[in-house]
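Enquirer: This is what each chain is made of:
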Amino acid sequence: MTDIAVSIKGLYKIFGKNPKKALSRIKQGMSKQDLLEKHNHVLGLNDINIEIPEKQISVIMGLSGSGKSTLIRHINRLMEPTAGEVIIGGENVVEMSKNQIRDLRLHKASMVFQKFGLHVHRTISENVAYGLIVQGMKSDEAKKKSHKWLVRVGLEGFEDHYPSQLSGGMQQRVGLARALATDADILLMDEAFSALDPLIRFDMQNILLELQEELHKTIIFITHDLDEALRIGDQIAILRDGEVIQQGDPQQIILKPNDDYIIDFIKDINRGRVIMAKSLAEKGRKNQGPSVNFKTVLEDVLPIIAKSKSQKVNVVDDQDKFIGVLNLESVIDAMARPNIEVSETYR
Amino acid sequence: MDFLFKFPDMGRDNLRDFKKDVDTSFLEFSGEYGEAIEKAFDPLLYFLVWFEKLLINTPWPIILLLIGALAWFGSRSIKISIGSVLSLSLIGYLGMWQDTMSTLAIVSAATFLCIVIGIPLGIWMARSNRVQAIITPILDVMQTIPAFVYLIPVVMLLGIGKAPGLLATCIYAIPPIVRLTNLGIRLVSKDALEAADAFGANYWQKLFGVQIPLALPNIFAGMNQTIMMALSMVVIASMIGVAGLGIPVLRSISNQYLALGLLNGLAIVALAIIFDRITQAYGKRLQKHRYGEHND
Ligand SMILES: Nc1ncnc2c1ncn2[C@@H]1O[C@H](COP(=O)(O)OP(=O)(O)OP(=O)(O)O)[C@@H](O)[C@H]1O
Ligand SMILES: [Mg+2]
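As they're listed, the protein sequences go chains A and B. Under my numbering, think of the first position of the first sequence as 359, with each following residue one higher. Under my numbering, think of the first position of the second sequence as 1382, with each following residue one higher.
I should point out that these hints are in silico values taken from the structure, not numbers from a laboratory. Careful: at least some of the hints might be erroneous.
[Stated by the list, open to error] With a Cα cut of at most 27 angstroms, we get these calculated BS3-like pairs of lysine-lysine: (1) B:Lys-1665 <-> A:Lys-473; (2) B:Lys-1665 <-> A:Lys-503; (3) B:Lys-1460 <-> A:Lys-501; (4) B:Lys-1420 <-> A:Lys-501; (5) A:Lys-473 <-> B:Lys-1669.
[Stated by the list, open to error] Covered stretches of chain B (chain A as the covering partner; in silico rule of three or more C-beta atoms under 8 angstroms from a C-beta of chain A): (6) 1525–1535; (7) 1580–1587; (8) 1618–1630.
Source: prediction; values computed, not measured. Built from N, CA and C at the ideal position, the CB exists for glycine as well.
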């Protein structure tokens, strides 16, 4: 098992005049709806428990208003929780002093924003260096470092431009470079690519994945886009109305959604292109038929199975080591949409 | 019936006593503290006198050169720079050089004072809604009360001369810079500030690195208005003994010198236009990158 970088325990956030009192009402079983209508308090986060493993991309997904931004802002305490704990490196962020929080933001966790959050009065190079300047680094050293990151995100030559002179995709690359420049281990990304066109978004996902292969940051990535979540997430937590309703391996969420809300979420994805052979491989003996890599998606497995006489293929890992067998029936099953009846059995 | 047509006032005697009480207590106050307050204004007075002498004693070609340079660095526009130098030359040619220098001195001193007090005040207002709620009505009063009305206590307190003139000018001219500093800081985008927070910026880093730079176009607009208002106080200030272009205007009113009054009035207008163009062009230059020459 990998180590846990961030551990969120029993986190509540209630917006309103008297959140503590509202919290006790919630704990006594009052619904979010009643709390809003009768007491005019908004239940933003409801008993969140998530463990974020180190050096992986953890996606938090949910529709608008589900509390994603609220949740991620508790990790570097841009928001004050009503109750609960956020543990980073053995320390509870909720109990940190002002200086400790500042240290956290300066060195341990940096952030990328949906609307980029660039400073329009600073050049691109100054924007990327912002975190370093705030740390107190000397300006030529900061400049050198920011140049390195600008090159990494493909913006060499734009050092002296201003944000308004760049396209959205380029601006967000500046945002990414700014966050990476501080060398923080944790990267908080709140719908970082949502404001971009689909093609640019795809590019940005590639940039992020490429960088991650080398940097191994702990990335907490917020999105409302399932395709994006599946593409980049090592694991996914799904948020609804301020509650985590399922979390785990993306493949498991698609194969075994435990809630109608999630079924609704995943019903339109192209399952053949998302589900991988490894998720369906069953224990068994290696057979005569062909082999596929464990990360092959079903769409690509299908023609191979169809040609195989036994209607089975062997699933192997990157080192060609046998993992299990995959048969046609389970492939077809998995590619069919789950429906409500199916999901009932998983409840 | 009588009751309806005569407003039930407090009565002549009571009223007289009331006014007398106010007057005597203010007189007592000014008798007791007037000197101390005057002392407090001394450094400003010295600065003003020194600056005025400096302007007057500097050879005129150097002043013209300085104004031209100021216009160039402010606006980066040849048109504005040459226009400023030409209009100042014309003013000098028409015999108003010395008065213009005196006016420049008091307007500069007043603007300086307004900036030094007004910007921190505006920042304070932007920080707290309570402070804003208290200061806004005071600014409203300062802007709407006729200048002659507050000349009375100012003169009672400080007498006649440059210091009360400076004070009166500042009372009149400070509201715009306070208001626009406050507004500018309040309008700074939440996203830019949140980014600063997320990267661990402290209070001063946020203030000087994000809020003030982003509010600068508004602060500049306030400064521009403050200069304009200070200039428009020149005639009134001359009533309490401030040297400058206002004095000949006053003289023209009492003696019906049309040409003299007109020329000096136009000189004030010319100064106003010069400063307005320079500060506005500078403000625009500050904003150049904000909204992008091109957006793709
Ligand atoms: N300051 C606030 N005061 C009151 N309610 C708030 C506040 N901030 C957020 N909320 C509420 O909390 C809920 C979650 O908001 P949040 O911004 O976290 O959602 P989100 O999942 O990030 O949505 P989006 O996809 O639109 O960004 C919403 O119902 C919102 O109305
Ligand atoms: Mg959000």
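Enquirer: It remains to establish, for every hint, whether it holds in the given structure.
Expert: For each hint, the structure was consulted:
1. B:Lys-1665 <-> A:Lys-473: Judged against 27 angstroms, a Cα distance of about 25 angstroms means the pair holds.
2. B:Lys-1665 <-> A:Lys-503: Violated - the C-alpha atoms of Lys-503 of chain A and Lys-1665 of chain B are around 32 angstroms apart, more than 27 angstroms.
3. B:Lys-1460 <-> A:Lys-501: Cα-Cα ~38 angstroms, so violated.
4. B:Lys-1420 <-> A:Lys-501: The hint is violated at about 50 angstroms.
5. A:Lys-473 <-> B:Lys-1669: holds (21 angstroms)
6. 1525–1535: violated (count 0)
7. 1580–1587: holds (count 5)
8. 1618–1630: With 0 residues in contact (Cβ-Cβ under 8 angstroms with chain A), the coverage given for the region 1618–1630 of chain B is violated.
Checked against the numbered hints listed earlier, the structure breaks hints 2, 3, 4, 6, 8; every other hint is satisfied.
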